[in-house]
Every structure is written in structure tokens, then in C-alpha cells.
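Asker: Based on these hints, arrange chains B and C on the given structure of chain A.
Protein chains in written order, with the UniProt record's numbering: chain A, 1 to 166; chain B, 1 to 775; chain C, 1 to 277.
Fair warning: there could be bad hints in the mix.
Okay, the calculated beta carbon distance ranges per label pair [said to hold, decoys possible]:
1) A/39 with B/515: 18 to 26 Å
2) A/19 with B/543: 53 to 61 Å
3) A/39 with C/272: 53 to 61 Å
4) C/241 with B/427: 43 to 51 Å
5) C/12 with B/515: 31 to 39 Å
6) A/39 with C/12: 29 to 37 Å
7) B/174 with C/241: 51 to 59 Å
8) B/211 with A/19: 42 to 50 Å
9) B/605 with A/147: 37 to 45 Å
10) A/22 with B/9: 41 to 49 Å
11) B/181 with C/257: 32 to 40 Å
Honestly, the hints are just simulated from the structure, not real lab data.
Built from N, CA and C at the ideal position, the CB exists for glycine as well.
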Amino acid sequence: MPSYVPSSYPIGLQVNGEWRTIRVRAADTLLYVLRESLGLTGSKSGCDNGDCGTCTILVNGLPIKSCIMLAVEADGQHVTTIEGLIHSPVLQAFVQKQAFQCGYCTPGFIVNCHGLLSIHPDANEETIRIWLESNICRCMSYEEIHEAVKTVFTPKNAAKPTANGS
Amino acid sequence: MIRQAVGKSVPRKETWEKVTGTAKYVDDISSPGLLHAKIAVSPHAHAKIKSIDLSEAWKIPGVRAVITGEYFPVLTGSPLADRPPIAMDTVRYYGEPVALVVADQEYIAEMASLRINVEYELLPVVHSPLEAYQQDAPIIHQHLAAYKRHEEVYPEPGTNIANRTKIRKGNMDEGWKNSDHTIEIRVTLPQSDHAAMELRCSKAEILPDGKVIIYSTSQSPYVIRRAISQSFQIPLHKVIVHTPLVGGSFGGKSAIQMEYLVFLASRAVGGRAVKLANSRELDMISSPVHIGLDARIKLGCTHEGNIVAAEILHLFDGGAYSDRGVVMSRAAAVDCTGPYRIDNVHCDSLCMYTNHPYSTSFRGFGHPELTLAIERAMDLLADQVHLDPLEIRSRNAIGPGDTTPTQTILDRSNVGDLPKCIAKLKTLIHWDDQPIKQIDGHLIKAKGICCFWKNSNTPTDAGAGAIVIFNPDGSVNLLCGAVEIGQGTRTALTQLLAERLRMDDRMIQISTGVNTETDPQHWKTVASRSMFLVGNAVLKAADDAIEQLKNTASIVLGFSPAELNVGGGRVYFKNRPDIGIEVEKLVSGYKFPNGNTIGGQVIGRGSYAMPNLTLLDPETGKGNPGPEWTVGAQAVEVELNTREYTYKIVKAATVMDAGKVINPEFARSQVTGGMSMGLSFASREAFLFDQSGSILNTQLRTYKLIRYGEQPEYLVDFIETPYLEGPYGLRGIGEHGVIGMPAALANSLSTAVGVAINQLPITPELIWRAVHDSV
Amino acid sequence: MIPFDFEYYKPSSILEAVELFRHLLAQGKNPVYFSGGTEIITWARMNAIHPGAVIDLKSIPECNVMTFQENNLVIGSCVTLSVLSAVNPFPLLSETVIDAADQTARNKITIGGNICGKIYYREAVLPLLLTNSRIVIAGRRGMKEVSIHKVFFQQMRLESGEFLVQIITDRGYLSLPFVHFKKRQIGNVGYPLVTLAALKKDHQIRTAYSGVCAFPFRSIEIEQVLNDPALSREEKIEQAIVKLPAPVLTNAEGSADYRKFVLKQTMSEALSMLEGG
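Isolated chain A, as found in the complex:
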């Protein structure tokens, strides 16, 4: 029988540069806690199953889908959401190229792309594809996103596709 007794835990995490301490249910995802407890609704729920990328955030600089991470796992970690990326050049590029329609997938795309830019400012097309195919946009053809993304990277043609910066 599944348990109906809530198990809640105090956690502390740095969100967009600020330390926050909250109590969370162990079974709550980080996405849920960011939205419901911390009021950061820029990260969206699109599948809660790790399939669509609308909830993408940075954990210690790496883009991760916050719907497949428990909030308790974020204890002691540095989390960045779209609300913390107001000065990102990626955001500027999305504005410039109007690389969004309904806007629902937009935060996830910007966060993921920002994560890639921080780690691989010289990412080539193949690497960009490998990273950005983690996110789904249903309104557009990806043409505008591609145009926006192109403007922020300075590709070295010889660079090999890279999956991670560690």
C-alpha cells in the first residue's frame, strides 16, 4: 500500500542567487516546488515526464528537466530559472528574432541554450542540435529559434560535438 503520510523535509537551496529554505514533500518534484512554493512560474509543466523540456532549469549550471528531479535532491544546490536569466544574451536574441509564438516552451529553450552557451560558447551546429532537441516547440518550425541561437554562438568549425562541460 502506498503511503498517505506526508513526509516533509527542510531544504536549503540557492535560487537565482538567493538562499531559500523551505519544507518540501519528498515526493514533490523540483518543478512543483519552484512553481508552488517559490512562486517561480516561468518554468512550465508540459509533461512531468522528462519528455518535453518546458521545465528546464540550471542545476549547478547544467540544464536539467526539473520535472524529473525531486526537490529534496536540490538541497544545497545552485538553481537558476528563467527568472534569473534576464540579462542573458540568449534572451536578447530571442527578442531580436521574435523566436517564440505562444511562449510556453520559450523559458525552457532559453535556459537550455543559456546553459550550453555558458559551457560551450563555441558550440557548433551539431552540438547545438544535440542540446536543443531536448525541448519541444509546437507552434513554430524551429527556424526562428535556430536564427536566434546562431547569433549567440561563435562556432569553431573543427569543434567536436560535446555533450557536457565537465
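Answerer: Below, chains B and C without anything else, positioned relative to chain A:
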């Protein structure tokens, strides 16, 4: 210098909200004390409900209400009221709501919904529209005759036919007699999903005075108001609907579904505020889906390739309930021939009940489906007559003086210029410079083309209103009921207004959301109608405001209103523009130096309804179903790998007669977005059913969508043949990019592989099977 | 939304983890070990599993190593797939795991989680089967190091309370010629129709498969056929297909017939790249 607003790519008004994560969608709006609802759904496609045991659900602490269909027996749906919001007695599809829980926390509601025990008695499952059409098919709706009908709809009780539209034009005997060549073809496409990234979500609260406040992800806030009012006997003015930004919808959020449930949920807890949010899985199967089609077409033409006869049978897979599926089946009759001149047409377009999820409006509204069928037939006919596929389409392209299947007489204004679209497409894709098919080892490059047309098939009285309010600084607020679903309409409407008021579009404000209490009614944000309906209302409101400005200015300046112009923030004398007065000084009434004030705040009002539309004759289909057509020609170029039948979409092209392009960037984005959606569902999207009618792919992991990096090179061009009734001549363009993509893809791959591909989705496996089976 | 509650523990040593498991089990809490956790979260939200407690292994130092020790590559079970492919100590493994899920999921999915998962593809195990890697397992009776072939048969066969700590691979395997193919229904993200990993050692080709049957496998019988010099390539493939260990899968990705077709194509590609030399 007056800034031009129409024809310019201005950025979206809500740009910064959207890129910074501050844009608010329904699920982002929270309030203290909000309760949460979850539904329990049927695990069977067709079954009798023998009993429902709610006792285990009630035991969970935090549960506030558990209800079933008995709680408020009502049938909903328009045009045919056939659907209980929560199943009563019978479930007719996998995923149909059978009970609803309200609880303090979302996870508690879900916990409890999983504890509801329903005993079912299985019934035979109808798996396809063709099965549903058979004489001995199990009848899904026993009481079809008794269902209330709202708009024109022709169900056939005792069968699974929810609606039949008949087209009888010309004389078929004559047509076949004059045919030197005939072809016959069957084309099928399965049900799939809208798969907007934002999941459907609604909130409801019933205030002590009976006022109902609803927040919903919807294209139809004004229809929600009417539907809740009618279904639950609440005065219309007591229902207030808010629709903030919508995260994509593509027709899927035009249906009223979640709103009934969340209203019942709130009612069950004494009117407290309740939220109901779909999971992705429920959004895909429990809420309405994209319609499927099984079509048969017979075409006849002369030696020269002039088409003289068409016989068409559409069996749409409307699913378990009719919703807008019945109207889509009608729309697909109205334009059944594609944009071709055919004098003798016989079409029966049927919306069939099946034990599938129920269908509602999907971008293109029956047209991507009918176009796949007719355009596969066109390629087959071209092949038979040995005519170039573009040539046969050019030769038969419909135009001024011709009549449509519903016998509407066409002119340049209502039909635009298809031959010009075809000619432009020909150049754009280098049709004459390269062979249609080029083989390079195991790689084959091939092109496929098609044409499309689409009329809107709106109710004959569809309309909209607009209010233009001047602020003391001369800026303007525009109030209207068009929902921002990502298409950019609210921004584009400010462009129309700026153009008419001859002012800077940046000085026009428009909210992101719609509130039915304060915004004038707009029928629905569907059918690529908002720029036309709301746009015309906006222009009338602008004219009304201009008249007010001129009237006040005429007293101040001493000229008659007819001698005055408005523009650049001033009202001035036509012959001496230097004589005038700033708009700011007039918009709150003009105050003379002695304190005497004339006029008042300038508030323009406008409204518009489509004139001259008629219902279709039930026997012949004769009538005028919509104001204008948007026509176009499209192409796809693929590269097929013959070793594994994988393929890459290299290029996709659209040339469309837009009437007038208001915002070039939006227009291109809207068209390429539609094309991408068309290519996505044509290449990979389908619900997979097992033998019991359960759906196997209810997640975006197994239900695949096109992702970043798969996009082909997009070629888009517009021609502008003004539609005289449209604002600045514009035609609808929001849906149209999608329409021909499945057909063009199927045509290109059929050419590449040398075997007819008459089915969607065209996965490599489907191509392999077509080749394998043809050997 | 996970529709039930569980407790959460984050031990910092192997011993502590094992003890916690024993303790929670005795309390009837149905504990599970948790690494990347992505699969546990997805099963739990579908109400398909009901752990009463999860034991997060990510703070255990041994589970996070990725290092060479003498002639062995040692990979901790909590190393994420994206770190594995970025650091790239084991090129065949890198290529295999970079095709699983998508990048931002791979930033969370760990190799231990992938191999021990319930979802039947478990593609990360293929290179381990080909290289006769060894697995370090912690359990009630302490630590043990065993051949992958002893504990992985269709899926990981761990006893209650055991968890995967590390994977050990002979360095000699890391530089062998290899190929890897992942064929999907369509697109660049998703489960496989066929995943084939192969390498060549001492003129012999070894192959392992995922997506073909309802479990990943390496088959000695298939390898015998594929390395039979008396057979043509077509004959090898025809005979290999007959020796599959279980019926070919039919699911949302594709039918058994089509999978067989793709499998043959893929085998042919693998052989043509690895044969000779």
C-alpha cells in the same frame, strides 16, 4: 511623418513577458485556499458502468468531494448535445471521465482518483470509421434521435452517423460519360493529437450571489460563458470567463470540456475555487483530439486532363462524441474537390462515431485531411494521363466565374489567384530546372506538390466587437475578445488600428488576456477569422473615434468635420496641415480657456458580423458557407534512403494568397509553424490502439513530434489579391500552412519510392511496408 | 505529480546505505535505491511503483568515481550519461549513451540507473557486455566484484538490498575498433527499434543488441555465426536472425517484421565496417 503600421514586422506586444518567464498562463495564477480536482477515467473503450465505489477515495484525508455523472446529469456538445461531462451508464472511449475528486492538494486529489473502483461490463468496440459504417456495426449512441441539436446537423439515428453532408452538383452520368480516364483511390489518416505545449487547465469559483468566475485555457471564452449558462441554467451575465495567454491550442482548446468539469467540481464544494489541470496523458486522450479520415475518391477527366467528374466519400473518425467533428465533416464537403473546377460532383461527407477519443477542431478544420485525399488522387490522375503534376493542377485551377461544390459563384475578391500561386511556386522550387526525381546511389531526391483552398465554415452569424479608448496622453487602449494563442493576433490588431488612426502602433495598448465581462464579444478565436472579424470591428471603432475627434475639433478649429483629417497625433485641416490641434487636447473633451468644456472622453465602438452567408441545402449542399477562400500551392522535397526507407525532408515551400500581409514576420512564422505541424503529423503522429481500443502512446516519449534540428529549409512567399470585405484586403492565413503538407509529403515520397503512399503517418516502416506489400 | 508519499534518505557511505535499506525493509517501507531517479519518478507518477522510502546514492563517494586504476577503468554507478560521454574514457560507451533519451535528461540519468532500470532498453549495458566488464555490488554481505555476465541476464539480477556501486572495464578494451548504431522509428530522440553495439577483438566480432527483444543481450551463438569464415555476409545475417534469444518486439516504435528488416540492415552495416583488417 506618420509611421506606417500595416505591412511592417512589429514585435509582439507581450515579448518581454514571454522571454522572461513572467507571462502568466492559467496554471500560473494561484490563490490561497485553491482546491484541486482530478478525474478518474475509463480504462475501457466501450463498456457499461455497472457500479462505482467511491468509499476508498473518501477515506483519504483532505478529500472534499467525489462526484460521478449522476451528480448533475446533463448532455453537452455543440452542434449535437451527445456528451455527458462525466460518463453516465456507458463509457465510449478509453480515457473518458467517470468520476471527479476535489481535494486540498493536487496529489491528494490524484491519490483519491486512483482509489475509485468502477465495475464495467465490456461492450463490443468500434475501432474505425469504416467499421462504424458497416450495417451490422454496434451502435454507439442508442438515443441519437433524442439529442438536442444546436446548429445545422444531420445525424442518422439507428446508425453511427453523427452527421452527413451531401454535395450534389451537376450531372454525374454526364460527367462519367465525358471522362476518358478515371482513377479511384482510398486514402486514410488516423486520429492524432493537437499536443499544444500548455496542458489544458481551468479554474472555477461560484460566488455567494451565484456569479460564476472561470479561468480557462481556451480559444472560446464567450462560448464557455454561453455553454455554462445553458447547461447549468445560470443567467449568461452571471458567468464571467477569463482567458489569459494561451500556450498553443491549434483548435484543441476551442472545445468546451474542462470547464464543465471544473464548474461541477466547484459546485460540489459549495462554490469554492477549484483548479483542474490535465496531465499530458489525459490531455492527449481524455480531452478532444485531431480527427481521422478514411476517404474514397473517384475522378474522371478528358484526354486533355480536364477534370469533369468527382465522386467522394469521406468517413471521418469523429470518435465517441461528435463535438466539432460534425462541422469539420461538413467543411470537408464544402471544399471536397480541392481548388479545382469540376462541374459534376457527388460527395457524401460523414462524421462517424467510433470508440476512439472524440475529435474537435484541429488547425485546418477538415482541410488537411480532405486535401491529402484529393491531392493524392490528383497525382494519380496526372500519372494516368501522363501530365506533369503541376500542369494538371494549373489546368484545372479554380478561378473567377467558376462555381464551388456548394455552387457559390467565385470572383477575384472571394477566391484570390491560385494560378499565380502555382506559377510562383514553380519558380520557387525550380520545378522546371530539375527532374522531379533524382537518383544518386541509394539516395533518391523527389518533389511533391499540391494545392489547397479553405473557406471558414463559421456559423452564419459569427461576429465580433471592439472598443477603442483614448487615454489623456493620446495613447489608445484596444479592447477586444480575440485570444492570444501564440498567433500574434492581438499585436496585429493594434497594427490595423494604428494604420486607421494614423498613429504610432507603440502608442496602442492591448491586454494579454480576455475578460468576457469587459471585452466585447468575439465568437471564437478560430478558423483564421480573428483578423477578419475583430479587425473589421476595430476599423469601425477607429472610424467612430475619428468621427468624435473631428466633431470636437471642428468646433475648436472652425472647420467642418469633413474638412479635417486625423493623423500623427493631431486633428488638422486637410488643405493646411499646419492648422490643427493635438489629439491629447481632445480625447478627454476640449477645455476652452474660460473653462467651458465640450465633448468627453473619446471612446470608439465597432462591431461586425459576416453578411450574406447561408445554410447549406440538406439535399444538394447548395449555399454560401463562408466569406472568402485562401488559396495556395505547396511543395515538399525529400531525400529517401532506399536501404532503410528513412528520409529527410530537405525543403518545404508555400505560396499563398494572403490578400494583404499585415505583419510579414508573423505571417511567415505562422505559415512555417503550420507547415512544421503538418509535416510532423504526416510523418509520425498517430494514436496507436490495441485490440481493446486502449491507446498505447499517451506520452510525448512514444507519441513523437518534430524536434529542433529536423526542420527543412522553408520557402514561403505571399501574393496579395485583396479580399474586398477584409481589413486592408486581408484573408485568413493562420491555419493554412498546415493544409497541404501531408499531401505534398505523401506525393514526394510516393514519387521517390515509386509506390503509392496513401496513408499517414508516413514512417519509414510504412514506406517499407508499402514497398514490401507491392512486391 | 507523484500520488503518494515516501521517505527520503541520502547516505554518505556504502555501509550506511545498505544498513538503511535493511532497516527500512524491516519496517515494511519497501525501499528503493535512487540514483538519477528519473525512471523512479516517471514510474511513481504513473502509480506503477509504490516505494515507501528512497535511498539516494549520489553522496556515496565510490559511486561517483570515474578513474583509471592500474589497467582498469572504474566508473561509479552515479556518474551521469552526459559526463560519461563528455569525459569520454570509453568511446563505445560514450557513443552508446549519448543516444539515450536527450541531453538535458542525460544530465540527470546515471549509468547505474540506466542499467538497473525497468524500461527494457538499458542501452548502456551493451558495451559492458561486449567488454566482459565487472560489476562491483554492495549488499548485506559486503562488497563483491562479479562479471557482468553473472549478474546481467536480460536485466540486472540483484538481490534485495544490493546496489550497483561501480563498473570495471579492462583498459585493453577501450581502444578496440567498434561501431554503434541506434535506429529509431523516426527522428533523433526516442527509444530504439534496434541498437547494435559491436567491437572487434582478436579478429573476432562481438555484438550486443537492444530494442530487438524485450531485453538487451549479447549472444555467443550469434557471434559464432557472424565470425564463421565459411559463410557469406548474407548467410551470416540470415543465420544470426534465427538465433535471436527471444521473439522480436512489436511495440509503439515498430513491428517485429520491420525490426527484423532494420536489424539485418544494421548487422550488415556493422559487419562491413568491422570485417577485414
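Asker: Work down the list of hints and note, for each, if the structure agrees.
Answerer: Structure-based check of all given hints:
no. : hint                         : in the structure
1   : A/39 with B/515: 18 to 26 Å  : 23 Å, holds
2   : A/19 with B/543: 53 to 61 Å  : 58 Å, holds
3   : A/39 with C/272: 53 to 61 Å  : 58 Å, holds
4   : C/241 with B/427: 43 to 51 Å : 50 Å, holds
5   : C/12 with B/515: 31 to 39 Å  : 54 Å, violated
6   : A/39 with C/12: 29 to 37 Å   : 32 Å, holds
7   : B/174 with C/241: 51 to 59 Å : 58 Å, holds
8   : B/211 with A/19: 42 to 50 Å  : 43 Å, holds
9   : B/605 with A/147: 37 to 45 Å : 41 Å, holds
10  : A/22 with B/9: 41 to 49 Å    : 44 Å, holds
11  : B/181 with C/257: 32 to 40 Å : 36 Å, holds
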